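Q: We have chain A already, so just place chain B with the ligands on it with the hints.
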Amino acid sequence: MLLVENVQKSFRLPDGSTLPILNVPRFAVAAGEQLALVGGSGSGKTTLLHIIAGITRPDTGRVEIDGTDITKLNEAARDLFRANKLGYIFQTFNLLAGFTALENVLLGMSFCGRKPDEARARQLLERVGLGKRFDHKPAMLSVGEQQRTAVARALVNRPKVLLADEPTASIDSRHQQQVLDLIRETCREENVALVLVTHAPTVSEQFPRVERLEELNQLAAA
Amino acid sequence: MSLFKIAWRSIQQRGLGSTLTILSMALGVALIVAVLVLRGMVDESFRRGAQGYNLIVGKKGSPLQLVLNTVYHLGTPGEPIPWTYYEEFLPEGQWGGKVAAAIPICLGDNFQGYRVIGTTPDLFTKIEYAYGRPYEFAAGRNFGEEAAEAAEHGHAHDHAHGHDHGHDHDHVKKEAKTRQPTMVSPDDSDENEEHHHDLPPHFLEAVIGARVARDTGLKVGDTFEPTHGVSSGEEGHKHDPFTVVGVLKPTGTPNDQALFVNVEGFLAMDGHSKDGSHHHGPLPVELREVSAVLVKVDPNNPFAANGIYREVNEGLEAQAAYPLREISILMETFVGPIATVLLVIAVLVVIVASVGIIVGIYNSMNERRREIAIMRSLGARRGSVLSVIMLESLLLALCGGVAGFLLGHLLIGAASPYVLARTGVEIGALQFPTVEIPFMEGVLIVPIELVLLPGLVLLAGIVGYFPARAAYKTDVSRALSNAN
Ligand SMILES: Nc1ncnc2c1ncn2[C@@H]1O[C@H](COP(=O)(O)OP(=O)(O)OP(=O)(O)O)[C@@H](O)[C@H]1O
Ligand SMILES: [Mg+2]
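Residue numbers (this note's numbering), protein chains in the order written: chain A, 11 to 232; chain B, 425 to 908.
Isolated chain A (complex conformation):
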């Protein structure tokens, strides 16, 4: 489902030098598979997710999702592809403050080129336990509820891959597990592959597969 091959990425620093961050020979995720991605701070986990999402372009290599090499697509096509095939959850501030929970979910359907399916949005919000909070703005939701809204939004377009960057790191420990379970269960129900970045061993140890970025990354070989 997801295949990252020979992806290299380095950043150009203000002083003109280049800072190599990634050199990933191969990283593959099967359809519906769930894995935890761990690694030290600054190791390049977020950068890898951005490359997979088509937000950042790798310097070389290919990123194949559902049979399409997104590095070959132009920007507009990548945007459309992202809207349809990928879900993304950030650590915090996933939601637009001016929009209600339902509108935030509907926003996820606004750029996929298809007619928004409001019934689907409502159904997903109910699934994540926010059936009574449709009209609540993010400010009226707890961080956990905001993250659950983000989960509903990320899945609303029936993506193939869900990228989650430390989605539970900002939630108090009591609700962390709740949200984590929700993400994993819904991905299973929708048969969505899940790549979840985490620093917490209590989170990563629950996953059948755990990847260390430092092991995927062959920086020395670059």
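There may be inaccurate statements among the hints.
What the hints assert, rightly or not - A short list of chain B residues far from chain A (calculated; beta carbon distances all over 12 Å):
1. M425
2. W432
3. Y496
4. P506
5. Q536
6. F561
7. G784
8. E795
9. V875
Said to hold, decoys possible - List of simulated lysine to aspartate or glutamate pairs, EDC-like, C-alpha gap at most 16 Å:
10. K429(B) x E113(A)
11. K170(A) x D76(A)
12. K170(A) x E199(A)
13. K897(B) x E85(A)
By construction, these hints were calculated from the structure, which means they are not laboratory data.
Every value quoted in this text rests on a predicted model; they were computed, and no experiment measured them.
Quick reminder that beta carbons are idealized off the backbone N, C-alpha and C, glycines included.
A: Chain B with the ligands in isolation, oriented as in the chain A frame:
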């Protein structure tokens, strides 16, 4: 969710800032509307008084002064011209055949500061105060019709005959009874030749303007004594009072502020004869003078005005002036530039408000960057986020514009009773100002909305473009990392 709705939500989210931006835009637009309506009002009220006739004939000199004096009662009246000039416009006169109406205007007296104008009843029957608007009486009637006849026949009016005539005339009028007490009976006047009760009653009739009626309290049946313009103190020979027989409806012209008396009665007053002598009965024609003559040419032969204009101006004593031309020059010289300055200020306010839109969007750019990044992560294209910001700018400008129109028209509606009372010009909340746009060697007169709305859209597009470009260029990866 449509981009439109996304933009609208963003405006709502920044409620206070958006409201202030919309408000400043609204004030600018309201100002534009108000200035344009005001300009149109001044223009209209000035032009009105100069409509209904083609030429003003008066003493040689500045044509503008003649027009201002005759039509707008501004300045002291100039020298009069011999009565014969007026007679040349009557049917038997030199220009009689080309003329539909000629109205003598005799100036020099006032009543409580309002001009007393000696004229003929034709003023209210043969001339309109504005295109398509004849004079109307709020109460009473026009003054004695015989006056015109009397003028045509000069002073060769048999007194007895005149009285009979006037008497018969009075009986057919409704107000005859109410006027009776103030009028001197014909028999009485016949007996007292030495007194100046030797004018037929209708010579001493008057019609007053709406404003005069309101301010002085004069009404039909009342009498008043005009005061001689310059030397009101010297009242050697008391004159018979004039009787109000009619009150005009408001016209929005300076005539609302004047009292019109039968020219025969006017000329018979002391100090109104050429040689200063005083006479009993109608003034002999050789002693008559007239301040100005309003000339309306035969509508079937409008070009006759040009001929009369030339011929009168070739003479040494009198001039002819086109009132509308003089007023247009006046408007272009004085009122036009003032209105333009006000308009420029109003447009500047709108531009400042537009700059407020840029500032507002730029100030919120930091929080927007995150929102833009989220939308991009959801698959929004660069063009989409650019459009959202452009739409936001457009919506702010248009909301301000619409609010401004409502505010402007509301203000006009609120001011209209005051304006009507002051100037007689009717304006309503639904008065839509027009602007003239040069177009293919002509001008298009279009409602201001048709210019302002596209103008606002253009302005919003220009000011929205700068923050929209910043949104377009947002580095999504960095924006997402910064907040995480
Ligand atoms: N746009 C950029 N320009 C320059 N350097 C960058 C840029 N983006 C990321 N980096 C650098 O790349 C490295 C990897 O960053 P990245 O955010 O991917 O790390 P991470 O593994 O997600 O770290 P963390 O666990 O703290 O989130 C960091 O050293 C970071 O400073
Ligand atoms: Mg990271």
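Q: Hints first: check each against the structure and report whether it holds.
A: Against the structure, the hints:
1. M425: violated, 5 Å
2. W432: Non-interface label on W432(B) violated, nearest chain A Cβ at 9 Å vs cutoff 12 Å.
3. Y496: Correct as stated: the minimum Cβ-Cβ distance to chain A is 59 Å, above 12 Å.
4. P506: For P506(B), whose nearest Cβ neighbour in chain A is about 82 Å away, the distance exceeds 12 Å, so it holds.
5. Q536: holds, 66 Å
6. F561: Non-interface label stands for F561(B): nearest chain A Cβ at 64 Å, farther than 12 Å.
7. G784: Fine: 15 Å to the nearest Cβ keeps G784(B) off the interface.
8. E795: violated, 5 Å
9. V875: Given a closest Cβ separation of 34 Å, the condition holds.
10. K429(B) x E113(A): holds, 10 Å
11. K170(A) x D76(A): Between K170(A) and D76(A) the Cα gap is close to 7 Å, so the pair holds against 16 Å.
12. K170(A) x E199(A): Holds. K170(A) to E199(A) sits at ~12 Å (cutoff 16 Å).
13. K897(B) x E85(A): holds, 13 Å
Hint compliance for this structure: hints 1, 2 and 8 are not met, and every other hint is.
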